[in-house]
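J.: My request is simple: use the sequences and hints to build the entire structure.
Those sequence lines, one after another, are chains D and A. The first sequence begins at 176 in our numbering and counts up by one. The second sequence begins at -17 in our numbering and counts up by one.
No wet-lab data here; the hints were simulated from the structure. There could be a bad hint or two in this list.
To give an idea of the interface, some chain D residues facing chain A are shown, with a C-beta separation under 8 Å as derived from the structure [said to hold, decoys possible]:
(1) Gly275
(2) Gly302
(3) Tyr414
(4) Asn442
(5) Leu444
Derived lysine-lysine pairs resembling DSBU-like cross-links, with alpha carbons at most 30 Å apart [unchecked claim]:
(6) Lys19(A) x Lys295(D)
(7) Lys260(D) x Lys34(A)
(8) Lys217(D) x Lys422(D)
(9) Lys341(D) x Lys362(D)
(10) Lys(-16)(A) x Lys361(D)
(11) Lys422(D) x Lys394(D)
(12) Lys356(D) x Lys260(D)
(13) Lys362(D) x Lys(-12)(A)
(14) Lys362(D) x Lys(-16)(A)
(15) Lys22(A) x Lys34(A)
(16) Lys341(D) x Lys(-16)(A)
(17) Lys260(D) x Lys22(A)
(18) Lys341(D) x Lys34(A)
(19) Lys(-12)(A) x Lys361(D)
(20) Lys362(D) x Lys(-8)(A)
(21) Lys304(D) x Lys394(D)
(22) Lys217(D) x Lys304(D)
(23) Lys341(D) x Lys356(D)
(24) Lys356(D) x Lys(-12)(A)
(25) Lys19(A) x Lys34(A)
(26) Lys341(D) x Lys(-12)(A)
(27) Lys(-12)(A) x Lys304(D)
(28) Lys22(A) x Lys(-8)(A)
(29) Lys361(D) x Lys260(D)
(30) Lys295(D) x Lys22(A)
(31) Lys361(D) x Lys(-8)(A)
(32) Lys(-16)(A) x Lys356(D)
(33) Lys361(D) x Lys341(D)
(34) Lys295(D) x Lys394(D)
(35) Lys356(D) x Lys(-8)(A)
No experiment lies behind these values; they were computed from the predicted model shown. Virtual Cβ for every residue (Gly too), placed ideally from N, Cα, C.
The lines below spell out each chain.
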Amino acid sequence: MVVSLVLLALLPFLLFTGLYLKSFLLLRDYNIIDLLFGREWKPAAGKFGFYPFIIGSVWVTLFAMLISAPICILTAIYVTQYTRKWFLRIMHPAIDILAGIPSVVYGLWGVLVIVPFIAKYLGPFVGIKTMGYSILAGAFVLSIMIIPFILNILIEIFRAIPDALKEASLSLGATQWQTVKSVLLKKALPGIIAAMGFGLARAFGETMAVLMVVGNVVKVPHSIYDPGYTLPSLIANNYGEMLSIPKYDSALMFAALVLLVVSLFFNLLMHFLISRYNKY
Amino acid sequence: MKLRQKIEEKFFLGLMIFATWFILIILAVIIYSVFEKGLKAMSWEIVSQIPKGGYYYGKGGGILNAITGSLLLASGATLVAFVIGLPVALYMNVFLVRRQRLVNLIRFLLDLVWGIPSIVYGAFGFTIMILIGLQTSLLAGIITVSLFILPIMIRSMDEILRTVPVGLMEAAYSLGANKSETAFKIFTRQTISGIITAILLSFGRAIGDAASVLFTAGYTDNLPNSLLEPVATLPLAIFFQLSSPVPEVQSRAYASALVLTLIILLASLFSRGVGKRYHKTKINF
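T.: Okay, structure coming up:
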């Protein structure tokens, strides 16, 4: 028991060390700034610029958050404050199912529904020619995927707010929405930020669903209708040939290392935020 | 109430209702499109045969290789994670019950590990494989996936073990049980439904994840004969077949997605049913 516990506690450090050692070859020969901000990706010529992938990941993640954050907050308020208990009992299994659907199935749905929709309707509507495989498609599919994750945390947070606070506000003559706006949201703000942070970290590392709809073109995207390429897709798409080109495997492990660091950083930050918040 | 306030009130209520229905409708649309496409492509041949010659050009065969592979891989990984995870969760809640700071630190670490993307596990598993000279195989897949689901398994068992009242532990001690007996005989029995839920949840995660098996389990058209052979998995079957230009092959991706979704829905339904069934063995306080 103790041994497995210790091993488990060391897992993040093991992961970090393992990936660091593998990407050491790359880090030794290149400046880390050049790696992160270099725009040229030509592994065969020894040029490893991760900027297109990083910016692709950032765009997809941010747009996904932009879509799912308001939806999650509104839904969480609605199901905890406005509806009766039975409605939450319907919502919970629905959220569980949404959370359980594997990412490839989300990807498949994106390819079947979202990509054609963007190509046939949205693209012509805004006057842009697009294949449909785009940052927007990736962001949309991703936003649906992280909804259950964020929503679960938010529902917990809103339920944890004591009823006395609400009652005090209502008894002073505030309306339901005024109470939500000036009491609940204010009280829950750190929790909401933390939920978004966890969601962001989760979205940043999501691989398969995004890979299937985002287009996978190594280029810095100019609009959300452009195809992009994300860090996880880079790793997933190129594992086959990574041993054939020198330093290529190192580069992919470096990408994994970046993902690991981003994920750990955001999770640490949000845990810190929540623990501060719980003290009040 | 002023008019402006009234409009604001109604406006935001409308937005909230819209957001809630948006989620429910999207869920319905996803399930519908998977079933609609999947049922059309489904046939007995697809679920009962392995790929034949010319399969990837639209000729006969099925995805039995992927179904078997996925079930074997997910069961193996769940088993490994359970064997390691249950003692850890019990240890945290029985042996370390007086050291809450340490337990909270462990919980925190587990949550951190939980948040790491599965592709990172895949990449890490791959470096380990190179290090010990292991080929892409069922074994490598099981190891990687079990690492990936371990935090999920432990944290969900931990959440349920936390709810066991102190009184039960004290009663066990007063009857002369030692700590291990209390942990393995009393606590597990009290929380059996929660433990089964944790197992099924982890199983669902294990069978649905593609990124971690991409490097480690490989892909093959054959049924696996040993732990050291590569296996096909359903998520990868969906992924590979969908990217094919041949319509027949693409439609098999829909069928595979249906099979995978059904397995996961069944596991989720089952875990809901279990909670009621094992209520009898539970002592109510």
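J.: Compare the structure with each hint and give your call.
T.: Going through the hints against the structure:
Proximity of Gly275(D) to chain A holds as hinted, the smallest CB-CB distance being about 5 Å (cut-off 8 Å). The closest approach between the C-beta of Gly302(D) and any C-beta of chain A is roughly 26 Å, which is over the 8 Å cut-off, so the hint fails. Using the Cβ-Cβ criterion of 8 Å, the hint placing Tyr414(D) at the interface with chain A is satisfied: the shortest such distance is roughly 5 Å. Taken as an interface hint, Asn442(D) checks out: its beta carbon lies about 4 Å from the nearest beta carbon of chain A, inside 8 Å.
Annotation: Leu444(D) was flagged as interfacial toward chain A, and the flag is violated, the nearest CB pair being 11 Å apart, outside 8 Å. Of the pairs offered as hints, the one joining Lys19(A) and Lys295(D) holds, with about 20 Å between alpha carbons and a cut-off of 30 Å not exceeded. Between Lys260(D) and Lys34(A) the CA atoms are separated by roughly 53 Å; this puts the pair beyond 30 Å, and the hint is violated. Taking the CA atoms of Lys217(D) and Lys422(D), the gap is near 12 Å; set against the 30 Å cutoff, the hint holds.
For a cut-off of 30 Å, the pair hint linking Lys341(D) to Lys362(D) stands: about 11 Å separates their Cα positions. For the given pair, Lys(-16)(A) sits about 23 Å from Lys361(D) by alpha-carbon distance, which is consistent with the 30 Å threshold. This hinted pair checks out: Lys422(D) and Lys394(D) have alpha carbons roughly 21 Å apart, not beyond 30 Å. Distance restraint check for Lys356(D) and Lys260(D): the Cα-Cα separation of roughly 22 Å lies within the 30 Å cut-off, and the hinted pair is therefore satisfied.
Taking the CA atoms of Lys362(D) and Lys(-12)(A), the gap is about 24 Å. The hint holds against a cut of 30 Å. At roughly 26 Å between alpha-carbon atoms, Lys362(D) and Lys(-16)(A) fall within 30 Å of each other, so this suggested pair holds. Of the pairs offered as hints, the one joining Lys22(A) and Lys34(A) holds, with about 21 Å between alpha carbons and a cut-off of 30 Å not exceeded. Between Lys341(D) and Lys(-16)(A) the alpha-carbon distance is near 21 Å, which keeps this suggested pair within the 30 Å criterion.
Proximity of Lys260(D) to Lys22(A) is assessed by CA-CA distance (about 38 Å); at most 30 Å being required, the pair is judged violated. Of the supplied pair hints, the one linking Lys341(D) and Lys34(A) is violated, its CA atoms being roughly 65 Å apart against a limit of 30 Å. Restraint check for Lys(-12)(A) and Lys361(D): the C-alpha separation of about 21 Å stays at or below 30 Å, so the hint holds. Restraint check for Lys362(D) and Lys(-8)(A): the C-alpha separation of about 23 Å stays at or below 30 Å, so the hint holds.
Only pairs whose Cα atoms come within 30 Å are accepted, and Lys304(D) paired with Lys394(D) is accepted, the gap being roughly 17 Å. For the hint pairing Lys217(D) with Lys304(D), the CA-to-CA distance comes to about 28 Å; that is within 30 Å, so the pair holds. For the given pair, Lys341(D) sits about 11 Å from Lys356(D) by alpha-carbon distance, which is consistent with the 30 Å threshold. Restraint check for Lys356(D) and Lys(-12)(A): the C-alpha separation of about 14 Å stays at or below 30 Å, so the hint holds.
Straight-line distance between C-alpha atoms of Lys19(A) and Lys34(A) comes to about 23 Å, which keeps the hinted pair within the 30 Å bound. With a C-alpha separation of about 19 Å, the suggested pair Lys341(D) and Lys(-12)(A) falls inside the 30 Å cut-off, and the hint holds. A C-alpha spacing of about 43 Å is found between Lys(-12)(A) and Lys304(D), which places the hinted pair above 30 Å, so the restraint is violated. Proposed proximity of Lys22(A) and Lys(-8)(A) is contradicted: the alpha carbons are some 44 Å apart, above 30 Å.
Restraint check: the Cα-Cα separation between Lys361(D) and Lys260(D) comes to about 24 Å, which is no more than 30 Å; the hinted pair holds. At roughly 24 Å between alpha-carbon atoms, Lys295(D) and Lys22(A) fall within 30 Å of each other, so this suggested pair holds. A distance of roughly 21 Å separates the Cα atoms of Lys361(D) and Lys(-8)(A); the hinted pair therefore holds under the 30 Å criterion. A distance of roughly 17 Å separates the Cα atoms of Lys(-16)(A) and Lys356(D); the hinted pair therefore holds under the 30 Å criterion.
In summary, the hint linking Lys361(D) to Lys341(D) is supported, as the alpha carbons are separated by about 12 Å, within the 30 Å threshold. Taken as a hint, the Lys295(D) and Lys394(D) pair is honoured in the structure, with Cα atoms around 23 Å apart against an allowance of 30 Å. Simply put, Lys356(D) and Lys(-8)(A) have alpha-carbon atoms about 14 Å apart, close enough for the 30 Å limit, and the pair holds.
Figure legend: structure checked against the earlier numbered hints; hints not met, in rising order: 2, 5, 7, 17, 18, 27, 28.
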